[in-house]
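Full structure from sequences and hints, please.
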Amino acid sequence: MDKPDTFEEALRSLEAVVEKLEAGELSLEESLTSFEVGVKCANRCQELLKSVETQVETLLRKQDGSLAIGKFEE
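Under my numbering, the first residue of the sequence shown carries the number 339, and numbering increases by one thereafter.
Each hint should be verified, as a subset may be incorrect.
Stated by the list, open to error - Calculated cross-link-like contacts (lysine to aspartate or glutamate; reagent style DMTMM-like; alpha-carbon spacing at most 25 Å): (1) Lys388 with Glu374; (2) Lys358 with Glu385; (3) Lys378 with Glu357; (4) Lys378 with Glu363; (5) Lys341 with Glu374; (6) Lys358 with Asp340; (7) Lys388 with Asp340; (8) Lys358 with Glu346; (9) Lys378 with Glu368; (10) Lys378 with Glu391; (11) Lys378 with Glu346; (12) Lys388 with Asp343; (13) Lys358 with Glu347; (14) Lys388 with Glu346; (15) Lys378 with Glu360; (16) Lys388 with Asp402; (17) Lys388 with Glu347; (18) Lys378 with Glu367; (19) Lys358 with Glu368; (20) Lys341 with Glu385; (21) Lys388 with Glu353; (22) Lys341 with Glu367; (23) Lys341 with Glu391.
None of these hints come from the bench; they were simulated from the model.
All figures in this text were calculated on a predicted structure; none of them were measured in a lab.
Right under this line is the structure:
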(Lines of atoms letter the chains of each structure in order from A and count residues from 1; the text may use other names and numbers.)
(Lines give C-alpha, C1' and ligand atoms only; values in the text may rest on other atoms or scores of the structure.)
Protein backbone atom coordinates (compact mmCIF):
# COMPACT_ATOMS: atom_id res chain seq x y z
CA MET A 1 0.00 0.00 0.00
CA ASP A 2 1.31 3.41 -0.96
CA LYS A 3 1.38 6.14 1.66
CA PRO A 4 -1.82 8.23 1.30
CA ASP A 5 -1.08 11.80 0.20
CA THR A 6 -3.90 13.47 2.11
CA PHE A 7 -5.57 13.15 5.48
CA GLU A 8 -8.86 12.37 3.77
CA GLU A 9 -7.33 9.50 1.77
CA ALA A 10 -5.69 8.06 4.88
CA LEU A 11 -8.92 8.35 6.86
CA ARG A 12 -10.97 6.69 4.08
CA SER A 13 -8.46 3.83 3.94
CA LEU A 14 -8.59 3.45 7.71
CA GLU A 15 -12.39 3.41 7.67
CA ALA A 16 -12.37 0.73 4.95
CA VAL A 17 -10.02 -1.43 7.02
CA VAL A 18 -12.20 -1.04 10.11
CA GLU A 19 -15.28 -2.07 8.14
CA LYS A 20 -13.53 -5.20 6.85
CA LEU A 21 -12.32 -6.14 10.31
CA GLU A 22 -15.71 -5.49 11.91
CA ALA A 23 -17.42 -7.70 9.31
CA GLY A 24 -15.52 -10.62 10.82
CA GLU A 25 -15.19 -12.48 7.53
CA LEU A 26 -11.40 -12.32 7.16
CA SER A 27 -9.05 -15.14 8.01
CA LEU A 28 -6.61 -14.62 10.86
CA GLU A 29 -3.80 -13.85 8.40
CA GLU A 30 -5.97 -11.43 6.40
CA SER A 31 -7.06 -9.77 9.64
CA LEU A 32 -3.47 -9.28 10.73
CA THR A 33 -2.52 -7.83 7.34
CA SER A 34 -5.54 -5.51 7.41
CA PHE A 35 -4.73 -4.47 10.97
CA GLU A 36 -1.18 -3.59 9.89
CA VAL A 37 -2.56 -1.45 7.05
CA GLY A 38 -4.94 0.21 9.50
CA VAL A 39 -2.12 1.07 11.89
CA LYS A 40 -0.15 2.61 9.02
CA CYS A 41 -3.18 4.67 7.98
CA ALA A 42 -3.77 5.83 11.58
CA ASN A 43 -0.11 6.79 11.89
CA ARG A 44 -0.32 8.74 8.62
CA CYS A 45 -3.40 10.58 9.91
CA GLN A 46 -1.50 11.49 13.09
CA GLU A 47 1.51 12.62 11.06
CA LEU A 48 -0.63 14.87 8.86
CA LEU A 49 -2.54 16.30 11.83
CA LYS A 50 0.72 17.09 13.65
CA SER A 51 2.01 18.84 10.53
CA VAL A 52 -1.09 21.02 10.35
CA GLU A 53 -0.89 21.75 14.08
CA THR A 54 2.70 22.95 13.63
CA GLN A 55 1.67 25.15 10.71
CA VAL A 56 -1.17 26.69 12.72
CA GLU A 57 1.16 27.37 15.66
CA THR A 58 3.63 29.02 13.29
CA LEU A 59 0.88 31.23 11.89
CA LEU A 60 -0.24 32.21 15.39
CA ARG A 61 3.26 32.86 16.76
CA LYS A 62 3.79 36.46 17.85
CA GLN A 63 6.95 38.42 17.13
CA ASP A 64 8.18 37.85 20.69
CA GLY A 65 7.94 34.09 20.16
CA SER A 66 4.85 33.54 22.30
CA LEU A 67 1.76 31.96 20.84
CA ALA A 68 -1.40 33.95 20.30
CA ILE A 69 -3.75 31.11 21.06
CA GLY A 70 -7.41 31.97 21.10
CA LYS A 71 -10.54 29.95 21.43
CA PHE A 72 -11.49 28.13 18.23
CA GLU A 73 -15.02 28.94 17.19
CA GLU A 74 -17.01 26.89 14.71
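Tell me, in ascending order, the numbers of any earlier hints that this structure violates. Structure breaks no hint.
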